[in-house]
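Novice: Using the sequences and the hints given, assemble the complete structure.
These protein sequences, in sequence, are chains Y and V. With our numbering applied, the first sequence covers 1 to 115. With our numbering applied, the second sequence covers 116 to 232.
Keep in mind that a hint or two might mislead.
Unchecked claim - DSSO-like, lysine-lysine: derived pairs with alpha carbons at most 30 Å apart:
1) Y:K69 <-> Y:K58
2) V:K172 <-> Y:K49
3) V:K172 <-> Y:K107
4) Y:K69 <-> Y:K107
5) Y:K68 <-> Y:K49
6) Y:K107 <-> V:K130
7) V:K172 <-> V:K130
8) Y:K107 <-> V:K126
9) Y:K68 <-> Y:K58
10) Y:K107 <-> Y:K58
What the hints assert, rightly or not - Computed Cβ-Cβ distance ranges for the label pairs, DEER-style:
11) V:S202 <-> Y:S80: 34 to 40 Å
12) V:S120 <-> Y:M83: 42 to 48 Å
13) Y:A53 <-> V:V189: 30 to 36 Å
14) Y:T72 <-> V:S122: 24 to 30 Å
15) V:S153 <-> Y:A1: 17 to 23 Å
16) Y:A53 <-> V:G187: 27 to 33 Å
17) V:G187 <-> Y:K107: 39 to 45 Å
18) Y:S14 <-> V:G118: 29 to 35 Å
19) Y:G62 <-> V:G143: 29 to 35 Å
Think of the hints as simulated: they come from the structure by calculation, not from any bench. This one's a predicted model, so the numbers in the text were calculated from it and none came from an experiment. Where is the CB? At the ideal position from N, CA and C, for every residue including glycine.
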Amino acid sequence: AQSVTQLGSHVSVSEGALVLLRCNYSSSVPPYLFWYVQYPNQGLQLLLKYTSAATLVKGINGFEAEFKKSETSFHLTKPSAHMSDAAEYFCAVSDPGGGADGLTFGKGTHLIIQP
Amino acid sequence: GAGVSQSPSNKVTEKGKDVELRCDPISGHTALYWYRQSLGQGLEFLIYFQGNSAPDKSGLPSDRFSAERTGGSVSTLTIQRTQQEDSAVYLCASSRFDSGTVYNEQFFGPGTRLTVL
Numbered sequence: 001a002q003s004v005t006q007l008g009s010h011v012s013v014s015e016g017a018l019v020l021l022r023c024n025y026s027s028s029v030p031p032y033l034f035w036y037v038q039y040p041n042q043g044l045q046l047l048l049k050y051t052s053a054a055t056l057v058k059g060i061n062g063f064e065a066e067f068k069k070s071e072t073s074f075h076l077t078k079p080s081a082h083m084s085d086a087a088e089y090f091c092a093v094s095d096p097g098g099g100a101d102g103l104t105f106g107k108g109t110h111l112i113i114q115p
Numbered sequence: 116g117a118g119v120s121q122s123p124s125n126k127v128t129e130k131g132k133d134v135e136l137r138c139d140p141i142s143g144h145t146a147l148y149w150y151r152q153s154l155g156q157g158l159e160f161l162i163y164f165q166g167n168s169a170p171d172k173s174g175l176p177s178d179r180f181s182a183e184r185t186g187g188s189v190s191t192l193t194i195q196r197t198q199q200e201d202s203a204v205y206l207c208a209s210s211r212f213d214s215g216t217v218y219n220e221q222f223f224g225p226g227t228r229l230t231v232l
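Specialist: Okay, here's the thing in structure tokens:
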């Protein structure tokens with residue numbers, strides 16, 4: 001069974017500071033990994049995905065994540081936070097090649113940007 | 116439409132009533148997913164359709180929940196005899212199903228917020 005752990009239900013950073021959101025996964029096979037963002041009263045938007053190609057993945061809005069198999073991690077980073085980055089972020093995992101199981105999500109991290 | 120749409124956006128019902136939640140996927144997307152987002156459980160996967168068929172219904176929380184999809188398009192999630200613990204945001208997503216693609220991105224709708232009084 002797959003699982004995802006996001007450390008920190010709330011993360012607060014100053015505008016312009018580094019954003020680091022942590023995600024660790026547990027999977028019996030090398031998974032596909034994703035980061036989604038959810039703005040208030042909206043659906044989920046895909047930020048970036050890892051599907052066994054390059055381990056450093058670049059996404060939208062200046063975010064990137066690095067897949068580290070040895071650490072079973074897929075942390076999300078952004079060099080300089082912007083006020084518009086304030087949102088809920090979800091890490092998710094999927095078995096490769098199968099849509100039937102859907103995505104398994106972490107509990108989410110609420111990112112707060114301090115002016 | 117341009118994206119996944121869901122209706123209603125908000126639903127308030129009384130305990131014991133039945134509710135129907137609707138999802139209109141992106142045109143041409145053959146795969147459709149239902150998820151539930153609640154404070155206690157986070158985001159849970161409920162069920163997946165490929166075309167009109169749902170291979171595995173074990174993710175549905177109880178036998179009060181059912182889902183169907185007709186014409187390979189619109190899907191309805193029905194909750195019978197609603198309980199307070201059913202209160203949540205129900206999200207729908209759709210994707211292409213292309214066996215030649217490594218991963219087919221799921222596009223999410225805005226959700227239906229269900230409140231059971």
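Novice: Indicate, hint by hint, whether the structure satisfies it.
Specialist: To see whether the hints hold, each was checked on the structure:
| no. | hint | result |
| --- | --- | --- |
| 1 | Y:K69 <-> Y:K58 | 17 Å, holds |
| 2 | V:K172 <-> Y:K49 | 27 Å, holds |
| 3 | V:K172 <-> Y:K107 | 23 Å, holds |
| 4 | Y:K69 <-> Y:K107 | 21 Å, holds |
| 5 | Y:K68 <-> Y:K49 | 14 Å, holds |
| 6 | Y:K107 <-> V:K130 | 27 Å, holds |
| 7 | V:K172 <-> V:K130 | 24 Å, holds |
| 8 | Y:K107 <-> V:K126 | 24 Å, holds |
| 9 | Y:K68 <-> Y:K58 | 15 Å, holds |
| 10 | Y:K107 <-> Y:K58 | 23 Å, holds |
| 11 | V:S202 <-> Y:S80: 34 to 40 Å | 38 Å, holds |
| 12 | V:S120 <-> Y:M83: 42 to 48 Å | 29 Å, violated |
| 13 | Y:A53 <-> V:V189: 30 to 36 Å | 35 Å, holds |
| 14 | Y:T72 <-> V:S122: 24 to 30 Å | 39 Å, violated |
| 15 | V:S153 <-> Y:A1: 17 to 23 Å | 20 Å, holds |
| 16 | Y:A53 <-> V:G187: 27 to 33 Å | 31 Å, holds |
| 17 | V:G187 <-> Y:K107: 39 to 45 Å | 33 Å, violated |
| 18 | Y:S14 <-> V:G118: 29 to 35 Å | 33 Å, holds |
| 19 | Y:G62 <-> V:G143: 29 to 35 Å | 31 Å, holds |
In terms of the numbered hints stated before, the structure departs from hints 12, 14 and 17, listed from lowest to highest.
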